[in-house]
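Enquirer: Between the sequences and the hints, there should be enough to build the whole structure, so can you do that?
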Amino acid sequence: MVSDINQDADTLCPRHADDLHDMLRWALGEGRSLEVVAGGSKRGFGRPVSACQRLDLSALSGITLYEPEELVLTVAPGTRIAEIDALLAQRHQRLDFEPPDLGLLFGGPVGAGTIGGAVACNLAGPRRIKAGAARDHVLGFHAISGRGERFKSGGRVVKNVTGFDLSKLMAGSFGTLALMTELTVRALPSPEKVRTVLVQGLDDTAAMIAMSRALGSSHEVSGAAHLPSPVAARSHVGYVHNSGGSVTAVRIEGPGPSVDARCVGLRKILSEFGDLEELHMHNSTTFWREVRDVSYFADAHDRRQIWRLSVPPMEGADTVARIAESQMVEAFYDWGGGLVWLAIPPQKDACHLTVRSAMSSGHATLIRAGETMRGSVPVFQPKLEALAELERRIKQAFDPRGVLNLGRMFDGV
Amino acid sequence: MRMPEPNAEVICRRQEIVADLRAIVPGEGIIADVDAMRAYECDGLSAYRQMPLIVVLPETTEQVSGVLSYCLKHSVKIVPRGAGTSLSGGALPLADAIILGLGKFNRILEIDFENRCVIAQPGVTNLGISQAVSAVGFYYAPDPSSQIACSIGGNIAENSGGVHSLKYGLTTNNVLGLEMVLMNGEVVRLGGRHLDSGGYDLLGVITGSEGLLGVITEVTVRILRSPETARAVLLGFPSNEMASHCVAAIIGNGIIPAGLEMMDRPAIHAAEDFVRAGYPLDVEALLIAELDGPEAEVDHLLEKVEAIARDAGAVYVKVSESAEERLRFWAGRKAAFPAIGRISSDYYCMDGTIPRHRLAEVLHRMAEMSGRYGLRVANVFHAGDGNLHPLILYDANVLDEMEKAEAFGAEILRLCVEVGGVLTGEHGVGVEKRDLMGVMFDEEDLKQQQRLKCAFDPDGLLNPGKVYPILHRCAELGRMHIGRGQIPFPDIPRF
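In order, the protein sequence lines correspond to chains W and E.
Position 154 of the first sequence, counted from 1, bears residue number 154 in my numbering, the numbering being contiguous throughout.
Position 87 of the second sequence, counted from 1, bears residue number 87 in my numbering, the numbering being contiguous throughout.
Any given hint could be a false lead.
[Said to hold, decoys possible] Pulled a few chain W residues facing chain E out of the computed Cβ check, cut under 10 angstroms:
hint, residue
1, Gly163
2, Val259
3, Ala388
[To be verified] Rough simulated footprint, nothing fancy, chain W against chain E, three-plus residues with beta-carbon under 8 angstroms:
hint, region
4, 197-206
5, 226-237
6, 251-260
7, 289-299
Hints listed in this document are in silico derivations from the structure and should not be mistaken for laboratory results.
Given the structure is predicted, the values throughout are model-derived calculations rather than measurements.
A virtual CB, placed ideally from N, CA and C, is assigned to each residue, including glycine.
Expert: This is the structure we're talking about:
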């Protein structure tokens, strides 16, 4: 599916920014709408776009600047995350927002995700609670708007309040406003040491409290997840897989002596909740990659519909419990309870009313479902009219003719 | 500084507008008396002054909504104002605009330790939030120097930073939600106690928008548990170059201190004379690095920082041995601006950010400019972020000196952009750097930003004359010039 994009006769494949500019102006002149992809690994994320033509940015690839001492790099949007990770690793750095690889979840290969895609979807892994999302790591960009005009915003330094922060707007806009031709993102030092403290056998509610206690401590927790027992059983980490019950995991990272000291402190806090276990570097890495990539729901035979709920952390368990009253669900929690991954057996309406009415606040996204379903059920949380109208006006401000991914987020946006 | 031509017709209607607004904001919420309005004629950039049309101090979101609807209907401009501490003239009044002050929105509405957030009205001070949660061991991380006075709403408008933003981020990384009133009077909520909201990141765009997009009436910010311990170290160097290289080396070695500040010789002497912080007087440059976390981490990193500093040529190293000593180290840094005020009748504070590895070069060129303009300059700044605060010393009573200082400042900011940096790191564009925007952005960059403004405020009534040097009409910005067949597209490769 992903690999044959380039062979599609109706796909435009710009080789550099000038190409892209020409193509976009041509599409505008001809009134041809475009579906924009980079690696194509997340085409199934969002509402389906019915466009005249596909525009594939994957050839706009490459790292044009990397200054480890400045903690920045400038890349083209089609650059694979895997390529960036490999380069940063040479200098003991990383993308701190921990971009997930959702390839398997969407039924594709691993390693196909691009930086442009990660930013367009504003993705972030378990470290979101400490380091922020993609939005917090884009320092500036160059782009071509849906008006066919080149513009830039931001810069290459973190502290910058010169003009509106359009980088935030680009992050999470699903390619509906402008096409980035180059973006500058932060690189941050990788920690010397990683440890994960596991608490065994907690029910969902107790787990929320335990994670809240850990996150409210001074131990700079960089991951807090809870896997109920059936989900834990699917982990490839022995301690988790074999625990025979639920597993609540808390991660700390940093210089060696610091991690040792914080581990002791964290164990003290968590010991009152249940039996403790500890994962070292290798197992920690595997475990948090599973959580990050939603591996537990990414089996090739798993056809369930997947929801992603962003809620106040302490409301995670209650929200799931309310849904479970009328619906068969399987869930696990990241972000200290603030991120709920929910799998439900395929339903005609993806249970969107049940899911959304169970939340007192927050945002529910239908992450995985058939194309027809994503066309008929609101994929993203519906907005009140005042906000929906404002978003339509913003779309107009960047892409008045609706050539870029029209309808990917909301009707007309 | 040229401001938009005041609308005489609006000014003529002043009495009528006062009466109408009194129906929306009763009692003392409308200030129309000239003497009482005097307190609002400038913000922290006091070189620029202008009396507003009327000052309006609403107390409820409904009143803010009523005022904005009224202003839209009657084409009255609005300058929103928090505590008025802006250093860039963001809250500078306009003769034909009301000042909409949020000072009465001064309550903390909820403290939620379990979800680690505070919900507050925008007029609460930055420090007020930390103080409200400090008894339980929490704090709000962004700490601009004006934190005793500046409001959290103003922090959001300016995306304020502070000494600790190097490790803990700017305002934008610490805001979770907002309630705001749009220009048409509609009240919207963005974000909340959760992290991801989907849709366009309006929260991110509002943060740092300098009052041009809407009026904030409630904020939700994230709070953190205070670190177990913190220690600071003073590092003295025989040259600015060596100190600059040390900054790059610390960060290049994977250490992100909680704060990493630098002062040059004039600043060190002024601060030491003023507060006796214990700074060495025989060095050219001084770094203050603060490490925080568990004791084991702080000790470990201090050792590493010391070694890096000695390698970089440090001739003076002093680690704080007590909380009092740490605070004394910082007292000098924090009092640096008033300390400069003691040695010069006036000073002008700049705010560019540059890539760290250009620090030495920029400081060198600034010294050369100082000679050329005949004005002294002192440097006190957030070295870890590359965020410079050159203080240009001048005397407003000397003919042309203020103009000279402004020209010197503009040249520094041009240099910042030239080396890959930006015009402003945390003080905002306001009116102060408005006319320099063209140094960093071309016309299309600025037009696209203004199109975003048009989506929020099509009539351009919110804080006009700030940030953008040329005001375009939204209809003109919306026009497109692409016609069918105009663009040749014969041989784009499809492979």
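Enquirer: Please write out, lowest number first, the hints stated earlier that are contradicted by the structure.
Expert: Of the numbered hints, all hold.
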